[in-house]
Structure formats: C-alpha cells, structure tokens
Amino acid sequence: MKKLKNLPSRIYLLLILAFFYLPILYVVIFSFNESKSLTNFTGFSLQWYEKMFNNRTMMEAIWYTVIIAVLATIISTIVGTITAIGLSKSRRILKETVMQVNNLPMLNPEIVTAIGLMLFFTSLQIKTGFTTLLIAHIAFCIPYVILSIMPKLRQLDNNLAEAALDLGCTPWQALIKVIIPQITPGIVSGALIAFTMSFDDFIISFFTTGPGVNNISIYVYTMYKRINPSINALSSIIVFVITIVLVLVNVVPLIRDRKKKGKVNEEDFSNSIM
Amino acid sequence: MKSFSRLVYPYVVWAAIFIVVPMLLIVLYAFTKEGNGVLTLQFTFDNFARFFSDSIFPNVLWRSLKLAIITTVICILIGYPAAYFMSKLHVNKRTMMVLLITLPMWINMLVRTYAWRGILLDVPVSGEIKVYIGMVYNFLPFMILQIYTSLLKMDPSLIAAANDLGANKFETFRRVVLPLSIPGVISGITLVFLPAVSSFFIPKLLGGGDFVLVGNLIENYFVSTGDWNFGSAISLIMAMIILISMFVTKKLDYESAEVGD
Amino acid sequence: MKKLIQFKNIVKSFDNQIVLKGINLDIYENEFVTLLGPSGCGKTTLLRILGGFLEQTSGEIVFDGDEISKVPAYKRNLNTVFQKYALFPHLNVYDNIAFGLKIKKQSKDIIEQKVNRMLSLVGLEGYAKRNVTLLSGGQQQRVAIARALVNEPDVLLLDEPLGALDLKLRKEMQHELKKIQQEVGITFIFVTHDQEEALTMSDKIVVMKDGEIIQIGTPTEIYNEPVDEYVARFIGESNIIDGVMKEDYLVDFDDKDYKCVDHGFRENEPVDIMIRPEDIDIVARNKGVLNGEVKSTLFKGVHYEIIVETVSGTSKTVTMHVLGNKDIVNEEEKEKISASNFYMDLEDVPNLTTGDVTARANAQAWNFDNEDLSISKVTYDVKNEKGVYPCTFETSNGTAVTINITVVEPIFTEDATNEEAVQAFDFYKTVDEIKESIALDTDLKRWANATAWSLEDDSVVEIYDVKYDFDDENITEGDYQITFATKGREFKIHTTDYKKEGMKVGLSFAPEDIHVMSKVGF
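Protein chains in written order, with full-length UniProt numbering: chain A, 1 to 274; chain B, 1 to 261; chain C, 1 to 522.
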C-alpha cells in the first residue's frame with residue numbers, strides 16, 4: 001500500500017535524475033564513436049582519445065586549468081583563512097565593510113566582475129596572460145573561502161580560545177592548536193569550493209587571459225561552431241576523474257574511521273605495558 | 001587575541017585593488033568617451049543615450065530578462081516537487097539523492113552544455129527551446145538544493161502542530177510547509193535568475209548564434225568591436241536592473257515573512 | 001465523573017525495543033492528570049499515541065466511547081501544547097491562535113471573538129499582532145496554550161511544556177495552568193519528569209517507569225504511601241531502610257523492632273521502610289527511639305538538612321609508615337631519583353605491569369633544574385608468593401634507586417550486620433609526598449589500596465570515611481593509624497533547629513511515620 005502511494009514521487013525523482021545524467025551518458029557513449037557524427041553511433045573506437053592526446057592546444061588547456069586551479073586554491077585558502085580569523089576579531093564596522101565588498105563579486109553578474117578586471121589590467125597596461133588569469137582566479141575565490149569559514153568561527157565557543165590562553169598558550173599557539181583545528185571543516189570546504197570554482201570558470205577566465213593561455217572552458221567555447229568529438233573524450237575523462245574523487249572523498253573517511261578504532265585499541269595496549 | 005584583527009589588513013588592500021577599483025573603472029568607462037586620455041577625461045551620458053535611442057538594445061535586454069524569468073519559473077515548478085519528494089525520503093536515500101544531484105554540477109558547465117548541443121543537434125525544435133533546455137539543465141540543481149535545505153530545516157513538530165489543530169495533509173502543506181519554505185525558494189531564485197540574465201555561452205552554444213542576449217552584446221563590444229565605453233554602459237545598465245530585481249525579491253521575501261501583519 | 005479516555009493494554013515498540021509494555025489507564029472528565037517519570041519511561045510516547053502522532057503496536061484507545069486508533073491526528077478532538085511550543089514562525093500571535101479555526105472555515109467575526117477571548121484568558125491582550133519568534137519563553141508558552149484551547153478540545157495534552165522556562169516563571173505557570181484548567185473545565189493530560197510540578201498541579205498522578213505504570217493516585221497518596229522504593233525515591237526526599245516485617249504492625253531494622261501501622265505482609269517478609277525526613281525529630285540522647293551522631297548540617301533556607309548516623313559502617317585500620325626524604329643524587333649527571341617501598345596484594349601479582357610498579361612506588365626522576373625526567377628502565381622480579389622483592393628504577397643516564405616490594409596476603413575485615421567487607425594495606429610514604437598531596441583522602445585510599453564490597457553480591461561499596469589524626473601540613477617521620485570506613489546507617493532529617501556537627505543526639509518518630517513497602521521484585 002505504502003509503496004504504491006510513493007510510486008509517483010519515486011518516478012518523478014528518477015525522471016529528474018535521468019534529465020541530469022542524460023548529457024553525461026551521451027558524452028561518454030559518443031566519445032567512443034567511430035565516426036565524427038554526434039547523433040549516430042557507428043561503432044566503437046578510441047580514436048578521439050588518441051586525437052585528444054595528440055592535440056597540443058587541448059593538452060595545454062588541461063594543463064593550464066589544473067595548474068591555475070591548484071595555485072588559486074592554495075593561495076586563496078591561505079589568504080581567506082587568515083582574513084576570516086582576522087575579521088572575527090575585528091571591529092564591527094571593518095568587518096561589515098569587508099563582508100559587503102566581499103559580496104560584490106558574488107552579487108554581481110560574473111560578466112561584470114570579468115570586464116572590471118579586464119579594464120583594470122589593460123588600463124594599467126599589464127599584459128594579460130598566465131599571471132592576470134591567476135590573479136583573477138584568486139580574486140574571485142577568496143570571498144567564497146571567507147564565506148565558508150566565517151560561520152565556523154561564529155559557532156566557535158569564545159571560551160575555547162580563552163581556555164587555551166588560561167592554560168598557558170600564547171595567542172599564536174591558541175590559534176594553531178585550538179582555533180584552526182576547530183574550523184578545519186570550513187577551511188576544507190572553502191578550499192573545495194575554490195578549486196571547483198576555478199576549475200569550472202569560464203567567463204572571468206575568458207576576459208582576463210591573454211593569447212596562448214586557454215583553459216578547458218575557453219577551449220570548448222572557441223570550438224562552438226565546429227564539431228569536435230575529442231571534446232567528448234575530454235569530458236568523459238573529467239567525468240571519470242570526478243566520479244573517482246567523489247567516491248574516494250565519501251569512502252576514505254569510512255575506512256579511516258575503521259582504522260582509528262583499531263588504533264584506539266592499540267593505544268590502550270601501549271598504555272598498559274608502559 | 002585582539003591583535004589578530006591586524007590579519008585583515010593585507011586583504012583589505014587586495015580587495016580595494018581587485019574588487020573595488022575594477023567596479024569603479026566600469027563606471028568611469030560608462031560615463032566617458034572613447035579615446036579619452038587620463039587628463040582629458042570628459043563625462044558624458046552619450047553611451048546611455050545610444051542604448052535607449054536604438055530599439056535593438058532595449059529589445060535584447062528585454063529578451064534576456066524574459067529568458068531569465070521564464071527559466072527561474074520553470075526551475076521552481078520542476079524543482080519544488082523534486083525537493084519536496086526528496087525531503088520525504090529515508091535519510092540514506094536522501095543523502096544519496098543529494099550526492100547524485102551534486103555530482104553533475106562538478107562537471108564543467110561548458111562541457112555539459114556542449115553535450116546538449118550534440119544531443120539536440122538534429123532535434124527539430126527552435127533554438128530558443130534548446131536554449132531553455134540548457135538553461136534549466138544548468139540551474140535546476142541550485143533551485144532543488146536550496147528548497148530541499150529549507151524543507152529539511154523545518155521543525156517537524158510544526159507539522160505535528162498543524163495536524164493537531166485539524167489541518168489535513170493538503171492544508172498542512174498550504175498553510176505551514178509552503179510558507180516556511182519560501183526563503184529557500186527566494187535564495188533559489190537568487191542563484192538562478194542572477195546568472196541566467198547575464199549568461200552568454202548557453203545561448204551561443206545552443207541557440208546557434210542568432211539568439212543574442214545582453215551577455216552576448218557585452219561580449220561583442222569588448223571582444224569584437226572593442227568599444228569598451230559602450231560595453232561598460234551596457235554592463236552598468238544590466239547590473240542596475242539585476243540589483244533592482246534582487247531588491248524587489250528580498251522585499252517580497254520580507255513581506256511574505258510578515259504575512260497577516 | 002464520566003470516563004473520557006481508556007487506554008487498553010497499549011504496547012509500543014520501536015525497532016524491536018519495547019517502549020510501552022501494556023498500559024491500562026482510565027482518564028475521567030475534568031481531571032488534571034500527570035504522567036510522571038524519568039526520561040525514557042514512555043510517558044511522552046503514550047501522549048503522542050493519544051495525540052495521533054504515533055501508532056501503538058497493539059492495544060486500544062477508547063475516546064468518549066469510540067475506538068480512535070485509526071482516526072488521524074487532525075480529526076481527533078484533542079489538542080497538544082508541544083514541548084518547544086511549535087509556534088508557526090511565519091504567523092503572528094493572532095494567526096497562530098486562529099490557525100485551527102481557519103482550518104475549520106469558521107467565519108471571520110467568530111474567529112476574532114474566540115481568539116480575543118483566548119488572548120485574555122492567557123493574559124496576552126494587546127499581543128495579537130506580535131511576531132511570535134520575538135516573544136519571551138513564557139509568552140510563547142501562553143500562545144501555545146491559547147492556540148490549543150481555542151479549538152475547544154475535550155482534552156488538552158501538554159508535553160513537558162514548562163521544561164524550557166526558568167524556575168520562577170515555571171512556578172508562576174504552574175498556578176496559571178491549574179487556574180486555566182479549572183476555568184475551562186476540561187481534562188488536562190500533563191507530561192513531566194518534575195515530581196514537584198506533578199504534586200502541585202495534579203488531581204491524579206500516574207507514575208511510570210520503563211514503559212509501565214507503577215502507581216496511580218492523588219498527590220497525597222503518592223507522597224504518603226508510595227508503593228515501592230522507586231516511587232518513594234522519585235517523589236520527595238526519603239530515608240529508605242532495608243528491614244523485615246516481623247508480624248502485622250511490627251517491623252524490624254538494624255536489630256531493633258518498631259511499631260508501625262502497616263499490615264498484610266507475610267511473616268518475616270523482607271521489606272523497604274520509608275521515613276520522610278520531616279517526620280523525624282531530633283531529641284536529647286536516650287530520649288528517642290534511636291541514638292546517633294550528627295554527621296553534617298546543611299542550611300536549606302526554610303529548614304536545615306541534618307544527617308545523623310545511628311550505626312557506624314564497616315572499617316579497617318592500617319599503618320602508614322612515614323619516612324624522611326631519601327632522594328638518590330647523581331652528581332655527575334646532575335640528576336635525582338626517588339621511589340618508595342610498597343606493600344601489595346598477592347592476588348594482584350599476576351597482573352602486575354611496569355606501569356603499576358612505577359605508580360605504586362611513586363618513582364620519579366628529575367634533574368637539578370627541576371625538570372622531570374623519564375624512568376627508562378624498571379627491573380623487578382616478583383614471584384607469585386608472599387615475600388620481599390627488590391625493584392630498581394633507572395634513568396637513561398644510569399641514576400638508579402632500589403626499593404622493596406612486600407607481597408602480602410589480603411587481610412580484610414568483615415561486618416556481618418552490614419554485610420560488607422573492607423580491605424586495605426599498610427604502606428610507606430615520605431614526608432614530602434604527604435605534604436604535596438592536594439587531595440589527601442583520595443591519595444590515602446589509593447596508597448593503602450583500600451576497597452570495600454558487599455558480601456551479598458560482591459558489588460563495590462564506596463569508602464565513605466577516611467579517619468586519621470595527624471596534621472598533614474606538619475607531619476614528621478613515624479607510624480600513623482588510618483581508618484577506612486563505609487557508610488553506616490544515616491538518617492536525613494529536616495528540621496528548623498540547628499544542630500552542630502559531631503553532636504550526640506537521639507531520634508524519635510511515631511509508628512504512623514513509618515511506611516512499609518514491598519521489595520521491588522517480590
């Protein structure tokens with residue numbers, strides 16, 4: 001009875017999922033297509049993967065995407081964490097002003113942020129390229145990092161830091177030993193957001209990069225008139241890598257938990273023979 | 001501990017240079033003429049006059065707004081039931097659903113849109129419909145997740161209280177669940193409408209080039225034509241319109257929270 | 001009075017865990033009934049089943065003559081005040097209260113009339129347009145009550161509604177609730193874990209424990225005649241004593257017979273005896289029915305709470321050998337090391353670890369700058385028989401100290417009347433160790449390895465008292481006696497007369513102050 005009653009809602013959710021996964025499925029299937037057709041599957045082949053690896057522009061685009069994402073993540077996470085901690089101890093006015101300014105890139109359409117940065121670089125006659133691309137990425141990543149750390153800092157019990165000081169920590173030690181461990185989940189999620197934002201970014205990259213420096217998004221965009229199944233091959237690889245990473249992210253903590261349990265027992269044991 | 005407040009200063013400088021100055025530059029360009037040197041700056045409203053004197057530009061703007069509004073409405077209509085059904089699932093299935101919905105979002109937007117291009121290549125529908133499919137596809141997950149979170153946050157005792165006071169399932173939904181989930185819908189709107197107005201690669205990839213939106217217009221004036229002053233003016237107009245619509249939405253949200261007052 | 005609700009053998013289980021074990025309960029019209037019990041006793045579950053938010057696994061609920069198990073919550077003619085009120089945050093005070101009436105599609109003017117009447121009943125006139133989330137706890141509480149009562153239910157269910165309020169407000173609301181109940185004249189079913197709340201407000205109290213009803217009665221009945229030790233301890237304060245019912249009207253405890261008013265027990269049946277603290281009078285020595293010594297006096301505001309010990313606990317005395325300080329000094333390495341001899345129980349030898357030996361000998365090493373050093377090597381060879389064995393502690397630089405471990409057979413004293421045994425060992429300590437102790441009683445217990453247990457079931461009994469007559473600040477070398485004792489028979493007495501600690505007194509109580517109860521499980 002109950003099962004039957006839920007049936008329409010289950011079907012609805014399945015349809016939604018089908019909608020979300022249709023293009024992904026499509027990309028993976030047609031990446032193995034023998035012909036150049038995007039509508040007829042004529043036979044299995046790996047030629048598009050081969051073509052992809054032989055395409056220098058494409059490989060460069062992948063390289064730039066990854067290196068920019070990694071650098072932007074590291075730098076914006078560090079700067080964002082430091083700033084968030086500083087903000088939590090700042091006067092109200094300063095805090096609110098910084099948060100408002102921080103909100104600008106998020107409230108503005110991306111294209112506005114993008115042309116703003118482009119105008120900035122060109123007015124100062126800075127040659128656009130790798131450096132400007134990296135700076136732009138760091139600039140739009142930091143606000144997200146700050147935003148994901150601030151709630152953790154707000155939840156933090158004020159007495160924790162005071163307890164650390166009371167027990168003899170210097171402010172610096174209290175920061176490293178007590179505050180940072182407490183906000184680590186926020187830092188991690190901030191870093192993750194920064195990485196994906198940077199990895200996926202198109203609009204800002206499109207306006208702030210210079211000749212010869214393309215990321216995956218820009219490469220795909222410039223291909224918009226032509227049919228190039230190598231992009232399917234590249235997409236399939238991205239799908240594959242992301243699936244693996246997400247599975248790992250969700251499974252590794254489970255394994256670690258199990259290991260930890262084993263470790264606790266070991267510790268008990270070592271204590272007893274001490 | 002107070003000394004930590006000094007940690008903010010480097011970022012204050014950074015934000016001033018890379019967030020505030022670029023914004024000011026757009027305003028500056030929008031109100032000046034091409035070819036002005038720093039010393040010969042001349043303020044002008046010409047760029048704005050040009051925008052409104054030719055009906056092409058307001059038409060494009062209107063088309064963009066229409067597209068964004070319709071996309072947002074479709075996302076609410078499809079997304080709300082999905083979020084509601086999800087919130088009713090068993091906790092394990094619920095987290096699984098969230099994971100399944102988030103997973104495609106990790107894959108590059110352009111890559112996914114490019115895939116739709118292939119799928120829809122030989123489908124005999126107009127470019128406009130293809131653009132709508134691409135837009136809804138890209139923005140629906142945001143809407144679902146926002147509404148879902150607001151439904152999940154709801155205190156279950158409120159639903160019990162409504163039942164206790166004589167409301168059946170439908171009335172409980174209409175009088176308690178729906179009004180309490182409005183903030184989720186509003187933040188969903190923010191996440192969908194805002195990027196939808198300014199999007200320019202989805203129309204370009206799926207609309208076949210003849211579907212020009214305000215985003216494409218800006219792109220053209222910056223990349224092809226090189227008329228940055230006029231491009232800046234268009235951006236400024238768009239930013240203003242978005243700002244106003246966000247303000248109105250927030251206001252609506254506030255009023256819906258004060259219902260019956 | 002008319003029966004309104006009948007619970008018939010209600011059983012509820014969640015995931016194979018039985019929460020209600022067959023509840024039978026009748027509730028009448030116009031009653032203020034309290035379900036009382038600790039958290040997890042099933043009281044809230046029972047309320048939620050009546051409210052229609054949970055379905056019982058088996059059993060029937062008859063409401064006003066009809067079986068209502070299959071009736072959905074929204075069709076039951078009862079309303080609930082929820083634990084945290086569950087006020088709708090998107091509606092103001094007026095709309096929250098009007099919610100049920102709007103659902104019933106009543107006309108606007110009738111709704112207005114009824115809501116206004118409710119607002120004045122709960123004392124919130126003028127609050128109609130307020131935002132509920134900005135009200136104080138007490139005001140939210142009143143809105144929740146009004147929202148439920150405006151529907152004119154036959155029964156109002158209240159799920160620990162006062163739990164979130166502070167003490168003063170809670171007391172006020174207790175009176176308020178009672179007043180409202182009398183004014184509207186309907187049945188209130190109130191769930192709480194606070195016995196005082198239950199005693200103050202109820203016409204009838206239902207005491208629950210582990211999914212069962214233990215006792216049903218008026219507050220006076222429950223207080224004066226609890227059915228067993230559990231109820232007696234849960235409601236009010238009490239002295240509970242193991243005893244034997246010699247015959248009707250005669251009960252025996254601590255080797256003495258007392259007249260009482262209880263009867264109907266088997267001859268020589270083991271029983272629990274309850275005497276309320278306020279029923280005992282402190283009189284001059286030998287003037288009462290018992291003699292004892294005042295152990296402590298606490299001021300409680302209106303009265304003093306005085307503890308009088310009438311029978312002392314089981315005790316064991318040991319000798320503490322206090323030695324001078326004998327740190328071994330290694331001038332070359334600039335290190336010092338110290339450790340003391342200790343006695344140990346033969347039974348503990350098989351489980352002896354290096355860590356134990358170091359802790360028991362209190363072995364420590366430090367350098368001339370007073371920084372602690374770790375003991376890197378411990379050598380000992382303790383055999384599983386009585387005797388004296390040497391043991392050496394050493395630092396990594398070779399600074400060493402040797403002590404003796406004396407293995408002895410356990411010696412303990414047994415007390416047949418208390419059915420307890422206490423065991424402790426002689427021990428060695430240095431003057432400094434005693435002076436440095438920050439919790440001397442606890443350290444003495446640990447050093448002497450003092451333990452006590454019940455002869456009945458081997459369960460651990462607390463060492464309650466550590467007696468010695470040295471001044472630990474000025475102790476010198478020599479032998480000292482230390483006595484470890486368990487708790488004896490103590491009576492808690494509430495009186496307005498101050499009595500000094502250590503005073504020898506008599507205790508008196510009348511036969512009707514003694515309440516005899518069957519042992520749980522008999």
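Don't read these hints as lab results, they were simulated from the structure. Keep in mind the model is a prediction, meaning the values are calculated, not measured. The beta carbon of each residue, even a glycine, is placed where N, CA and C say it ideally should be. Be careful, since some hints might not be right.
Stated by the list, open to error - Ranges of calculated distance between the beta carbons of each label pair, as one might list FRET restraints:
#1 GLU456/C <-> LYS88/B: 48 to 58 Å
#2 PRO89/C <-> ARG56/A: 51 to 61 Å
#3 PRO89/C <-> ILE241/B: 45 to 55 Å
#4 LEU107/A <-> ASP372/C: 26 to 36 Å
#5 PRO171/A <-> ASP372/C: 39 to 49 Å
#6 SER376/C <-> PRO171/A: 47 to 57 Å
Okay, the hints, checked on the actual structure:
The beta-carbon spacing between GLU456/C and LYS88/B, approximately 55 Å, falls within the hinted interval of 48 to 58 Å. Distance hint check: the CB atoms of PRO89/C and ARG56/A are about 59 Å apart, consistent with the given range 51 to 61 Å. At about 32 Å, the beta-carbon gap between PRO89/C and ILE241/B misses the expected band of 45 to 55 Å. LEU107/A and ASP372/C have their C-beta atoms about 58 Å apart, which leaves the hinted 26 to 36 Å range violated.
Take PRO171/A and ASP372/C: their Cβ atoms lie about 27 Å apart, and the range 39 to 49 Å is violated. A beta carbon spacing of about 36 Å between SER376/C and PRO171/A contradicts the range 47 to 57 Å that was offered as a hint.
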